[in-house]
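*Asks:* What follows is each chain in one-letter form.
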Amino acid sequence: MPVAPVTKVVTGYLRPHKRFPSVWCAGCGVGIVMGAFLRAVNSLGIDRNKIVVVSGIGCTSRMPVYLDFCGLHTTHGRAIAFATGIKFAKPELTVVVIMGDGDAIAIGGNHFIHAARRNIDLTAIVVNNETYGMTGGQYSPTTPQGSSGSTARHGNIEPPFDICDLARASGATYVAREAVYNARRLETLIAGGIKKRGFSLIEAVSNCYTVYGRYNDFKSQIDMLRWQKEHAVPIQSWQKLPPEEKNSKFSTGVLFQKDAPEYVDEYDKLIERLGGKTGGAKSES
Amino acid sequence: MKPKLIQGNEACVEGAVRAGLTFFAGYPITPSSEIAEYVSGVLPRLGGKFIQMEDEIASASAIIGASIAGAKAMTATSGPGFSLMQETIGYAGMAEIPCVFIDVQRGGPSTGLPTLPSQGDFMQVMWGSHGDHPIAAVAPWSAAETVELMVTAFNISEEFRMPTVVLLDEVIGHVREGVDLSLFDNLHVVERMKPKEKPEDYIPFRRRPGEITPLANFGEGYRYHITGLTHDERGFSTLKPNEIDANIRALVSKMDMVSKKYASSYSFLMDDADFVVFAYGCSARVAKRAVTLARQKGIKAGLLRPRLVWPFPEHELRNLGSHVREILVPELNMGQAVREVERAVAGKTKVTRLSKVDGELFDPEEILEAITKG
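One line per chain: the protein sequences are A and B, in this order.
Read in the numbering used here, the first sequence has 146 at position 146, and its numbers run on one by one without any break.
Read in the numbering used here, the second sequence has 212 at position 212, and its numbers run on one by one without any break.
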């Protein structure tokens with residue numbers, strides 16, 4: 001498949017004025033996710049006036065600042081709840097929610113599982129760097145057991161969530177995972193999630209060298225990407241691994257997909273059944 | 001038309017629909033649940049959207065999202081839920097997004113008294129969220145007035161791009177009264193001002209004294225950024241002192257603008273009154289009876305009842321302070337609105353607080369006794 005030049009596509013979607021350099025540290029994976037997301041949008045040919053990017057709080061959540069879409073930078077953990085309001089009120093919009101692991105799964109865990117349960121047509125991209133980066137390296141619900149952090153000085157004793165398992169169990173109809181190391185595949189998975197009608201979750205396994213890396217003896221940013229390369233295994237191959245290897249590595253690709261009624265569609269059916277007019281009592285569009 | 005027997009909580013919905021409500025998100029809590037129940041039946045028939053969210057924070061967040069997408073949106077809750085919503089209410093203030101919150105007060109603190117009346121959230125409306133933010137609140141005292149003030153609340157919210165609260169209490173929420181709804185069919189309804197300039201010229205948070213910048217709904221060609229961070233005119237976070245200052249002052253200046261345009265109070269026997277009872281909500285209903293009884297005793301009592309409670313009617317009270325001998329403030333709390341009254345009259349006249357926190361309503365005799373003592 002021919003690929004478009006990376007820089008040209010991405011810069012076409014960035015805000016034209018003075019928002020750079022970004023807040024992200026050198027070597028951070030969030031920029032790679034941003035690039036993958038923008039190329040996905042480009043490949044799908046979505047009208048940029050019809051995309052809304054919603055974020056919560058944290059490093060990842062600064063992404064809408066840079067994107068020439070409608071952007072809503074909300075409160076910590078609540079991005080999905082804000083996004084639910086946007087999508088439900090104006091279903092013709094493509095609503096993408098970009099979050100970190102703390103944002104999505106800790107403080108926002110409740111909204112995450114309920115949006116998945118409703119199967120509302122949102123695309124949630126969770127950039128999982130296994131730590132709270134912006135606040136200084138505290139452990140998160142995805143920090144591996146035994147890893148260190150600024151609030152796990154003696155090693156994290158909590159078992160982590162598998163975000164994809166959580167999404168699948170909650171009712172998401174599209175669940176995918178890829179490491180930022182595999183940026184091109186990440187792009188394809190994000191495009192798949194946007195296309196899929198219903199709640200889609202794409203976990204982007206990322207890296208935070210500045211805090212997580214230093215607390216956990218990674219020698220450089222490159223070291224962290226190398227770790228991803230060595231541990232990311234496409235789902236078909238991963239399934240064939242012996243149990244001990246399964247535990248130490250992680251599966252990538254579309255991990256789960258199903259068809260199920262979508263929330264806004266179901267609501268529209270309800271309105272029709274009642275003889276009402278779909279699309280909002282006084283929808284502007 | 002014939003009066004229809006409706007509950008205060010149902011009146012909230014009747015008013016909201018007349019104001020153009022298209023979106024409701026909520027989480028059940030006593031004594032506000034009938035609002036969600038009633039609106040869940042009404043909205044889908046009108047093509048509007050109803051969703052029961054997973055909690056109060058989600059509800060508050062969803063209505064803001066919906067509003068940005070062009071909906072007239074509201075939620076309803078009671079004290080504990082209102083506490084949970086505070087961060088999001090502050091967000092609506094900072095991001096300048098219209099939305100209406102109904103708070104049907106119950107006894108507190110904490111889970112307190114779910115089924116009994118209170119007026120303990122009065123200060124929470126204004127000061128519940130951190131930082132200096134704009135917020136307005138109306139406080140009806142009957143089912144009929146609830147219909148009317150719901151429309152006022154939406155109008156304030158849409159006109160000034162800020163969160164607005166409809167402050168009820170358990171009694172007003174649950175009272176059933178005959179209301180001729182047709183009387184409220186032609187109330188003035190404010191529609192959101194939309195930008196006229198081209199998208200590339202749109203400045204979403206323009207700071208011009210005395211002016212509110214029109215709000216561009218998402219999805220209509222205006223691509224811009226909204227944040228809860230202190231931001232510049234374009235909506236991007238800033239650490240420049242002059243921009244921070246301009247942001248906060250612009251927000252807070254809305255309070256004066258609302259006050260000038262929407263100040264509203266009800267007066268009963270106030271023309272010659274030298275003893276004033278200042279009360280709102282259910283306490284004002286009782287106070288009206290007490291004032292009537294006091295007049296029968298030859299006391300020149302009067303009732304002043306604010307309908308717009310935030311911004312607080314401080315000018316009205318300041319003027320009153322110069323020519324009445326006492327202002328009595330009966331409240332179902334340990335003294336909240338009374339502090340504002342004291343601040344407004346600045347020692348020019350005697351201010352007396354009358355607190356009741358046993359889960360019961362005031363009895364007219366209790367207020368009468370306090371008037372007689374004065």
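Think of the hints as simulated: they come from the structure by calculation, not from any bench.
In this text, all values refer to a predicted model and were calculated from it rather than measured experimentally.
Think of the CB as a built atom: it goes at the ideal place given N, C-alpha and C, for glycine as much as any other residue.
Hints are not guaranteed to be accurate.
Among chain B residues calculated to face chain A with C-beta under 8 Å, some are [stated by the list, open to error]:
{"id": "1", "residue": "44"}
{"id": "2", "residue": "87"}
{"id": "3", "residue": "128"}
{"id": "4", "residue": "131"}
{"id": "5", "residue": "226"}
{"id": "6", "residue": "236"}
{"id": "7", "residue": "247"}
Computed list of chain A residues with no C-beta within reach of chain B, every gap over 12 Å [what the hints assert, rightly or not]:
{"id": "8", "residue": "16"}
{"id": "9", "residue": "17"}
{"id": "10", "residue": "61"}
{"id": "11", "residue": "76"}
{"id": "12", "residue": "82"}
{"id": "13", "residue": "91"}
{"id": "14", "residue": "227"}
{"id": "15", "residue": "229"}
{"id": "16", "residue": "235"}
{"id": "17", "residue": "271"}
*Asks:* So, for every hint listed, does it hold in this structure?
*Replies:* Outcome of the hint check:
1. Because the beta carbon of residue 44 of chain B sits about 5 Å from the nearest beta carbon in chain A, less than 8 Å, this interface hint is met.
2. Taking 8 Å as the C-beta cut-off, the interface hint given for residue 87 of chain B holds, the closest approach to chain A being about 6 Å.
3. A least Cβ separation of about 15 Å between residue 128 of chain B and chain A goes past the 8 Å threshold, and the interface hint is therefore violated.
4. This hint is violated: residue 131 of chain B has a C-beta 13 Å from the nearest C-beta of chain A, more than the 8 Å allowed.
5. With a cut of 8 Å, the hint placing residue 226 of chain B at the interface with chain A holds, because the nearest CB-to-CB distance is about 5 Å.
6. The beta carbon of residue 236 of chain B comes within 6 Å of a beta carbon in chain A, closer than 8 Å, and the hint placing it at the interface holds.
7. Here the hint on residue 247 of chain B is broken, as its CB sits about 15 Å from the closest CB of chain A, past 8 Å.
8. The Cβ of residue 16 of chain A does not lie farther than 12 Å from every Cβ of chain B; its closest approach is about 10 Å, which violates its non-interface assignment.
9. A beta-carbon of chain B is positioned within 12 Å of the beta-carbon of residue 17 of chain A; the least distance is around 8 Å.
10. Annotated as non-interface, residue 61 of chain A brings its C-beta within 12 Å of a C-beta of chain B; the closest such distance is 10 Å.
11. Distance check on residue 76 of chain A: its Cβ comes as close as 9 Å (rounded) to a Cβ of chain B, failing to clear the 12 Å threshold; non-interface status is violated.
12. Its beta-carbon lying about 4 Å from the closest one in chain B, residue 82 of chain A breaks the requirement of being farther than 12 Å from that chain.
13. At roughly 9 Å, the least C-beta separation between residue 91 of chain A and chain B is not larger than 12 Å, which violates its mark as non-interface.
14. Separation of residue 227 of chain A from chain B is adequate, the least Cβ-Cβ distance of about 33 Å exceeding the 12 Å criterion.
15. The beta carbon of residue 229 of chain A sits about 35 Å from the closest Cβ of chain B, which is more than 12 Å, so the claim that it is off the interface holds.
16. Residue-level check passed: residue 235 of chain A sits 30 Å from the nearest beta carbon of chain B, beyond 12 Å.
17. With a minimum CB-CB distance of about 5 Å to chain B, residue 271 of chain A fails to clear the 12 Å threshold, and the non-interface call is violated.
Consistency note: the structure conflicts with the earlier hints numbered 3, 4, 7, 8, 9, 10, 11, 12, 13 and 17.
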